[in-house]
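K.L.:
Listed below are the residues making up each chain.
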Amino acid sequence: MGAGIEVKDLNAWFGKALVLKEVNMTVNANAVTAIIGPSGCGKSTFIRCLNRMHETVPDARLTGTVHIGDMDVYAPGVIPADVRRRIGMVFQKANPFPTMSIYDNVSAGLRLNGFTRRRELDAAVEYSLRMAALWDEVKDVLKKKSGASLSGGQQQRLCIARALAVQPELLLMDEPCSALDPISTGKIEELIFQLKTEYTVVIVTHNMQQAARVADATGFFLMGKLIEFDKTEKLFTTPTDKRTEDYITGRFG
Amino acid sequence: MIRSRFQQGLDDLKERLLEMGGMCEAAIELASEAYRTRNGRLAQQVFEREKMINQSQRLIDELAVDLLAMQQPMASDLRFVLAVVKINSDLERVGDLAVHVAQRSLDLSQEPELEVPVDIGRMTTAVSAMLRRALESFLAAKAEVAQAVLEMDSIVDRMKDEAFVNLVAQMKSDPERVRAYIDVLLITRSLERIADHATNIAEDVIFWVSGADVRHNARFGMGPEGD
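Heads up: the sequence lines are chains A and B, in that order.
Using our numbering, the first residue of the first sequence is number 1, and each one after it goes up by one.
Using our numbering, the first residue of the second sequence is number 254, and each one after it goes up by one.
None of these hints come from the bench; they were simulated from the model.
One or more of the hints may lead you astray.
[Unchecked claim] Below, computed lysine to any residue pairings styled on SDA-like, alpha-carbon distance capped at 25 Å: (1) B:K339 <-> A:K143; (2) A:K143 <-> A:Y103; (3) A:K242 <-> B:E429; (4) B:K395 <-> A:Y103; (5) A:K242 <-> B:A393.
[As the list claims (entries may be wrong)] Some chain A residues near chain B, calculated using beta-carbon distances under 8 Å: (6) H206; (7) Q209; (8) E245.
[Claimed, not checked] Counterexamples of contact, computed for chain B against chain A with all Cβ distances above 12 Å: (9) R256; (10) E268; (11) L316; (12) Q324; (13) D330; (14) L331; (15) R332; (16) L335; (17) V352; (18) E364; (19) V369; (20) I373; (21) D427.
Note that beta-carbon positions come from the ideal geometry of N, C-alpha and C, so glycine has one too.
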């Protein structure tokens, strides 16, 4: 099952630049939450704070707390790699391991975590590819084809399968469809909708229609601040804050 | 550039709907005058107006569908386009009801003059005022003006109820002219329904401006009935 997220008083910096300001947010478990906002508003930084990727950038730091389920992500002694094991991430550009077969791509995370039994790996690969709605398209070429030989949309679903294989509690997606055609986008969106039965999903998107289609809740960021966070249907029909209204109606700036 | 085209589309939609509203006001006025003066030619003019109203309805729906498909409006823009589509439908019905009034007036004009215990002129004035204010609230995007329209509806309802009682009494005392009295009764019913459509328009304006759904007696600023 997915885990809920509790973010409190989150501030994040790149060097001296404060890029996230006093963000507080409660994300429900087993729901899709979209993060929208103009370029540079801090939305990608926000999700990178959830899985401790923010600190991988030199000079980057943060204050505040993040809880994923019962895990205090920034508690002393917590190892970032352990956090990332519990949180899958999918990026804008599909990044399968190019020389590995489809099977090896999906099972890579499990093998890194010490799983070696063939039967377990087979089951995990099939489960993950089914969850990513890719199984039927690749089941006959699992070990024959490389991840890089798939189409863009299939590669992105392969990356989702790879993220799901280690059974994360949370799946972060940073503009997962921005490089895809409408048909592949439709498949990924359908998939996101299905995934919430098992996972909590947070998706960053520039595409407001996409947020409206897939998300249960949506947060609007502007200049590092969370301006409004509400049920998606409320935010897109009757936003409370004028800045949200201006952004989603295209009158921003 | 793209957003300015979108804004132009929204402005165009608003202008055309107001134009259609003006046609509806004129149709009601003509129908009422046809009744008052027993003038068949005026009734014919209402029939002509109604054809123009129907054309407007189609055009406005097309423009609204284009905007929804091409611009995917959000928030207040989305509420605006939805409100326009609904108001468009209400105005088309107002046109139909003006035709009903004109048709009954035409029938009555071919009968001997009737002693009518109902002030159709006063009722028409009230109904026209409601429609005008509803359209004004749309023009100015003012929920308070729209709210005032909702409060006027009960006045017209009372007029129709009084007309019903008086006309039924008249039918009893003058049974040979029941058919003509029924025509008058139907006119009051059409006018009362025009008032209902004006109320719907006002509710749609409130929805557009504030996001509040005030239909079915839910008040502005409150949840739905029973909430």
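K.L.:
Evaluate each hint against the coordinates.
P.N.:
How the hints compare with the structure:
{"no.": "1", "hint": "B:K339 <-> A:K143", "in the structure": "violated, 57 Å"}
{"no.": "2", "hint": "A:K143 <-> A:Y103", "in the structure": "holds, 6 Å"}
{"no.": "3", "hint": "A:K242 <-> B:E429", "in the structure": "violated, 65 Å"}
{"no.": "4", "hint": "B:K395 <-> A:Y103", "in the structure": "violated, 62 Å"}
{"no.": "5", "hint": "A:K242 <-> B:A393", "in the structure": "holds, 19 Å"}
{"no.": "6", "hint": "H206", "in the structure": "violated, 14 Å"}
{"no.": "7", "hint": "Q209", "in the structure": "holds, 6 Å"}
{"no.": "8", "hint": "E245", "in the structure": "holds, 5 Å"}
{"no.": "9", "hint": "R256", "in the structure": "violated, 5 Å"}
{"no.": "10", "hint": "E268", "in the structure": "holds, 19 Å"}
{"no.": "11", "hint": "L316", "in the structure": "holds, 18 Å"}
{"no.": "12", "hint": "Q324", "in the structure": "violated, 9 Å"}
{"no.": "13", "hint": "D330", "in the structure": "violated, 5 Å"}
{"no.": "14", "hint": "L331", "in the structure": "violated, 6 Å"}
{"no.": "15", "hint": "R332", "in the structure": "violated, 7 Å"}
{"no.": "16", "hint": "L335", "in the structure": "violated, 9 Å"}
{"no.": "17", "hint": "V352", "in the structure": "holds, 36 Å"}
{"no.": "18", "hint": "E364", "in the structure": "holds, 53 Å"}
{"no.": "19", "hint": "V369", "in the structure": "holds, 48 Å"}
{"no.": "20", "hint": "I373", "in the structure": "holds, 41 Å"}
{"no.": "21", "hint": "D427", "in the structure": "holds, 55 Å"}
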